[in-house]
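Protein chains in written order, with this note's numbering: chain Y, 73 to 377; chain C, 743 to 894.
In short, the hints are calculated from the structure, not lab data.
One thing to keep in mind: the hints can contain errors.
To be verified - Here are some, though not all, of the chain C residues that point toward chain Y, as calculated from beta-carbon distances under 8 Å: (1) Leu750; (2) Gly754; (3) Ile758; (4) Val761; (5) Trp763; (6) Ala765; (7) Arg769; (8) Ile773; (9) Asp786; (10) Glu789; (11) Phe818; (12) Asp822; (13) Gly836; (14) Ala853.
Think of the CB as a built atom: it goes at the ideal place given N, C-alpha and C, for glycine as much as any other residue.
What follows is the residue order along each chain.
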Amino acid sequence: MTLPDPVALAVPAFIVLVIAEVVIARLRNSASYELRDTTASLLMGLGNFAQGLATAGLLYLVTAWVWQFRLFDIGYTWWAFLAIFLAEDLCYYWFHRLSHEHRIWWAAHVNHHSSQHYNLSTALRQTWTGNLALTWVVWLPLALIGFPPVLIIFEKGVSLIYQFWIHTEQVRRMPRWFEAVFNTPSHHRVHHATNPRYLDRNYAGILIIWDKLFGTFVPEDDAEACRYGIVKNLGTFNPLRIAFHEWAGIVHDVRAAGNWRERLGYVFGPPGWKPDGSGATSEAIRAAWRARASTAGVPSPTRIL
Amino acid sequence: MSPLDLILPVAGIALIILVVWLAGGLRSASIDDAETVRRHLALDHPEFEPGDLRLAADKRSALAIDRGKRRIAVLFALGDRVTIRIVVPGDLAGAAAHGGDLVLTLTDLGAHRIVLRLGDVVAAQVWAAQLDRLLIQGTEPQGGRSAAVLVA
């Protein structure tokens with residue numbers, strides 16, 4: 073059976089919707105788009121498209137190879153589409169969570185979070201190195217269960233398209249029932265925020281239920297606006313630096329490491345990890361935030377030189 | 743795959759960039775005063791206590807020394823956003839004065855070279871020496887007191 077490539081079909085809609093959001097943001101006097109930031113995001117998207125073309129065949133072959141050993145013959149029945157919808161979304165949740173919790177995959181994913189803006193162009197700021205980092209292994213169990221490789225690839229495309237529209241500040245809230253079940257702009261704004269209370273939360277792809285199930289859900293608080301970006305925001309719009317800066321950071325840290333424990337920590341530990349425990353990991357940032365919340369600080373004077 | 747599959751994304755990118763530019767998307771953030779610095783630090787790094795502080799003449803960057811720890815905050819405009827880097831020993835590969843500019847070279851490829859246009863040759867030299875002692879050689883007492891004396 074052949075299925076359409078949903079992403080290729082959606083490209084014209086992506087273009088039209090981004091332009092519509094630019095116009096709406098302008099009419100609302102919202103500083104949602106900045107030229108160099110948008111250009112960087114779009115070039116990252118183009119690079120992702122190119123690397124996808126280069127690696128798609130190999131990924132299909134690996135998935136098809138695993139499928140030989142499938143436990144069940146699922147085929148393309150109606151319930152297979154329903155089952156792959158749930159199963160692929162669960163895989164996405166874990167891929168996404170692991171990409172935030174381990175630096176080797178964070179290095180591939182960080183570029184998606186590197187914009188300090190949050191708009192539809194941010195959705196296109198996609199990885200250049202995810203396939204090289206083997207992040208696709210998370211989906212291989214689907215082939216082993218028996219989902220046809222074509223169906224898995226189709227559903228991954230559906231998920232990517234769904235996640236495009238949630239990268240916006242122009243939609244505040246969806247109806248309550250929708251917010252309860254699906255990933256929405258509100259939930260995903262939280263995911264892109266660096267506020268300690270929001271950091272590394274809401275990993276969902278399409279269904280927010282996984283975050284609620286696994287304890288990583290945080291609702292958006294209207295009293296605390298999201299501040300977008302990463303803990304160490306970039307000082308560049310250069311796509312090459314955006315794509316590879318964290319990989320370079322890993323190499324730098326591993327070369328400076330004194331022993332194998334440190335080397336492994338720098339590669340597989342959480343982003344920000346340091347051997348002496350002083351690193352600004354998400355948990356450390358959140359713990360410091362909680363500690364500050366329980367004690368009132370007294371500001372001290374500053375001299376201007 | 744048809745040629746349209748390649749042409750469409752490229753044409754779409756060009757069109758979006760044009761529309762963003764027409765919508766006034768080319769903007770720059772400004773760091774006008776110490777209050778702006780304090781406000782940004784309080785939001786993103788509330789544990790940072792700015793001691794000595796220097797604003798760039800072009801209002802596109804600023805520098806602050808933590809009064810409690812051996813580290814500095816470098817604030818700089820990136821497009822229409824103010825970006826903050828907390829720089830600790832090991833992060834700074836070099837600090838040099840080039841005329842009235844203070845050029846910081848970080849070990850991080852994500853913000854490798856930051857130029858602060860101080861517009862003051864002496865201040866640039868003093869800050870370069872101060873940061874070298876504080877973050878590279880580790881011989882400067884924390885808090886930036888000697889910088890205050892030297893610049894004053």
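Hint check:
For Leu750 (chain C), the shortest C-beta to C-beta distance to chain Y is roughly 6 Å, which falls under 8 Å, so the interface hint holds. Because the beta carbon of Gly754 (chain C) sits about 4 Å from the nearest beta carbon in chain Y, less than 8 Å, this interface hint is met. Hint on Ile758 (chain C) holds. Least Cβ distance to chain Y is approximately 5 Å, under the 8 Å limit. Taking 8 Å as the C-beta contact cut-off toward chain Y, the hint placing Val761 (chain C) at the interface holds, the least distance being around 5 Å.
Hint status for Trp763 (chain C): holds, given a least beta-carbon distance of 6 Å to chain Y, under 8 Å. A hinted interface residue such as Ala765 (chain C) counts as satisfied when its beta carbon comes closer than 8 Å to some beta carbon of chain Y; here the least separation is about 4 Å, so the hint holds. Taken as an interface hint, Arg769 (chain C) checks out: its beta carbon lies about 6 Å from the nearest beta carbon of chain Y, inside 8 Å. With a least beta-carbon distance of about 12 Å to chain Y, the hint placing Ile773 (chain C) at the interface is violated under the 8 Å criterion.
Taking 8 Å as the C-beta contact cut-off toward chain Y, the hint placing Asp786 (chain C) at the interface holds, the least distance being around 7 Å. The closest approach between the C-beta of Glu789 (chain C) and any C-beta of chain Y is roughly 6 Å, which is under the 8 Å cut-off, so the hint is satisfied. Given the 8 Å rule on beta carbons, the hint for Phe818 (chain C) holds: about 6 Å separates it from the nearest Cβ of chain Y. Below 8 Å, beta-carbon pairs count as interface contacts, and Asp822 (chain C) has one with chain Y at about 5 Å; its hint therefore holds.
Interface hint at Gly836 (chain C): violated, since its Cβ lies 15 Å from the closest Cβ of chain Y, which is beyond the 8 Å cut-off. Annotation: Ala853 (chain C) was flagged as interfacial toward chain Y, and the flag holds, the nearest CB pair being 3 Å apart, inside 8 Å.
Checked against the numbered hints above, the structure breaks hints 8, 13 and satisfies the rest.
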